[in-house]
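Add chain H to chain F, keeping to what the hints say.
Spelled out from the first residue to the last, the chains are:
There are 2 protein chains.
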Amino acid sequence: MRLPRHVGFIPDGNRRWASARGMAKEDGYAHGLAPALQLFDRCRELGIDEVSVYGFTQDNTRRPSAQTHRFREACVDFALEASRRGAALLVVGDDSSAQFPPALARFRRRQGSGMKVNFLVNYGWQWDLDGLTAQGSLRSADVTRLELIVRWGGARRLSGFLPVQSVYADFFVVDDLWPDYRPAHFTQALQWFDRQDRTLGG
Amino acid sequence: MRLPRHVGFIPDGNRRWASARGMAKEDGYAHGLAPALQLFDRCRELGIDEVSVYGFTQDNTRRPSAQTHRFREACVDFALEASRRGAALLVVGDDSSAQFPPALARFRRRQGSGMKVNFLVNYGWQWDLDGLTAQGSLRSADVTRLELIVRWGGARRLSGFLPVQSVYADFFVVDDLWPDYRPAHFTQALQWFDRQDRTLGG
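As you go down the protein sequences, you meet chains F and H in turn. Quick note: the first sequence uses the working numbering, first residue 40, plus one each step. Quick note: the second sequence uses the working numbering, first residue 40, plus one each step.
Each hint can be trusted.
Not everything, but these chain H residues come out facing chain F in the computed CB check (under 7 Å): (1) 172; (2) 175; (3) 195; (4) 199; (5) 202; (6) 206; (7) 209.
Listed next, the in silico SDA-like pairs over lysine to any residue satisfying Cα-Cα at most 25 Å (straight line): (8) H:155 x H:139; (9) H:64 x H:120; (10) F:155 x F:81; (11) H:64 x H:76; (12) H:155 x H:41; (13) H:155 x H:211; (14) H:64 x F:238; (15) F:155 x F:124; (16) H:64 x H:224; (17) H:64 x H:137; (18) H:64 x F:236; (19) F:64 x F:219; (20) H:155 x H:70; (21) F:64 x H:238; (22) H:155 x H:221; (23) H:64 x F:207; (24) F:64 x F:112; (25) F:155 x F:74; (26) H:155 x H:178; (27) H:155 x H:181; (28) F:64 x F:77; (29) F:64 x H:237; (30) H:64 x H:102; (31) F:64 x H:236; (32) H:64 x H:97; (33) F:64 x F:104; (34) F:155 x F:229; (35) H:64 x F:234; (36) F:64 x F:194; (37) F:155 x F:166; (38) H:64 x F:237; (39) F:64 x H:207; (40) H:64 x F:235.
Don't read these hints as lab results, they were simulated from the structure. Treat the numbers as computed from the prediction; the structure is a model and nothing was measured. No residue lacks a Cβ here, since even glycine has one placed at the ideal position from N, Cα and C.
Only chain F is shown next, with the shape it has when bound in the complex (with noise of 0.2 Å):
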């Protein structure tokens, strides 16, 4: 089966996973956070050469306190745990705001060695653009074209994750929202990745 050199992901639904619990919204992120580890593993076992992950955009934090704190939370777990599992981490996003954890400045420059986890955390699509009239290259110069990008929770749309290195991506979507993450999701994107043809437009 022929892998996907760079796959994206984006673990959307926690909210609404709580909610159909019961539960505050706030409390559906620190659900996301197990799912998250267990695919990180499957990615390395696979050896995928890089992933890219959504943690949180500067959009989302216009959200209630509430939860942004919780969200912020929950992305600083995944981070220092990929990080101590073993992964070349690179946390893309913009540091200059009071949104962005401090305990992740340490990775806007990418540290650590294996499996290239590029993390998005204070992520802005026109943060990362302003890079180009700014400074001449993408904010996210660092990461690489993606091949394949795979979205939990049944929304079909990008939401603003990394536009340039989205462009040929093929976009698979699963109905289901991240909390309820299994292996399968990923097993079926993959083999359906395989089926897809490779033209790039020419």
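Frame of chain F; chain H shown alone:
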């Protein structure tokens, strides 16, 4: 029903359609013209403000000249007929290249009145983004944010289609090939769009 203000169309599958009928691949493009005009008329009837349509890309011009000749021809036919029926037509693409049809040069600035039609001809996502470094704005700066993108032919990817305007677009894929367009495809896309939430990350 809540209609999208701006819809993108990726009419893919002309070559596969022709091959499946034992025709030469390049004979497929001409069969995409009548559906395109039918869909154009439908959008006007519905009162949609703006549509963006993938004609061909700079990547597509690497194909055999029998194909490039025919898709250029189909694009000119569509643009002139849409203009004749009444549209505010803007052609977006690199007109400094021999691949750009001279007959469309006058539409590099929007001409006419009515529904806004942005037609991508010899378009390239990189060419578009290069505008940010070269001139401080996208080369597609006159194209607004997309709300819905409909792609025919089954592929679940943007293939470089207006990456900046697509950041929050809902993406609907029709498995049928473009020359097999039926009005029901677009009706289904609109009904599906009406059921999507629009939080824009908030």
